[in-house]
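Engineer: Using the numbering used here, the letters of the sequence shown map in sequence onto residues 3 to 113.
Since the hints were derived computationally from the structure, they do not count as laboratory data.
Fair warning: this is a prediction, and the values are worked out from it, not measured in the lab.
Be aware that a few hints might be false.
In silico EDC-like cross-links for lysine to aspartate or glutamate, where the CA-CA straight-line distance does not exceed 16 angstroms [said to hold, decoys possible]: (1) 28 x 68; (2) 50 x 68; (3) 50 x 23; (4) 28 x 7.
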Amino acid sequence: MEVREREREKLRWIEKLRWIEDWLSKFGYLPPPDPVTGQLQTKEALTKAIKAMQKYGGLKETGVWDQDTMGLMKTPRCSLPDVSEAEGSMGRRKRGLNPLNKWSKRHLSWR
3 MEVREREREK LRWIEKLRWI EDWLSKFGYL PPPDPVTGQL QTKEALTKAI
53 KAMQKYGGLK ETGVWDQDTM GLMKTPRCSL PDVSEAEGSM GRRKRGLNPL
103 NKWSKRHLSW R
């Protein structure tokens, strides 16, 4: 029984890690994985991506996936990436792209 529970826990962790990688790729923090070459994300790349996402979301930059980070990732949002390909992968930004152009308010109201 104990072995089965450990296996289930391992599978849950793998699913969670895949979800994190997919989310970070979807919003521009990680390059998408390459299924042809089998290119996987490194621990360093994941940590760097989580830190960038935490900074963008106004959280403390720890690089660790914690409750606050999970809450930010599960917040309803638009589907556009936070980081463009020009910013994320090349290290250079195009003129006019400013990562600080974001809403300063988290709670919006309308009439």
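Engineer: Tell me if the straight-line CA distance from residue 50 to residue 68 falls inside 16 angstroms.
Structural biologist: Roughly 15 angstroms separates the two Cα atoms, so the pair holds.
Engineer: Does residue 23 lie within 16 angstroms of residue 50 when you go C-alpha to C-alpha?
Structural biologist: holds, 12 angstroms
Engineer: Given the hint that residue 28 pairs with residue 68, test it: the Cα-Cα distance must not exceed 16 angstroms.
Structural biologist: violated, 20 angstroms
Engineer: Is residue 28 close enough to residue 7, meaning Cα to Cα at most 16 angstroms?
Structural biologist: violated, 31 angstroms
The structure shown violates the earlier hints numbered 1 and 4.
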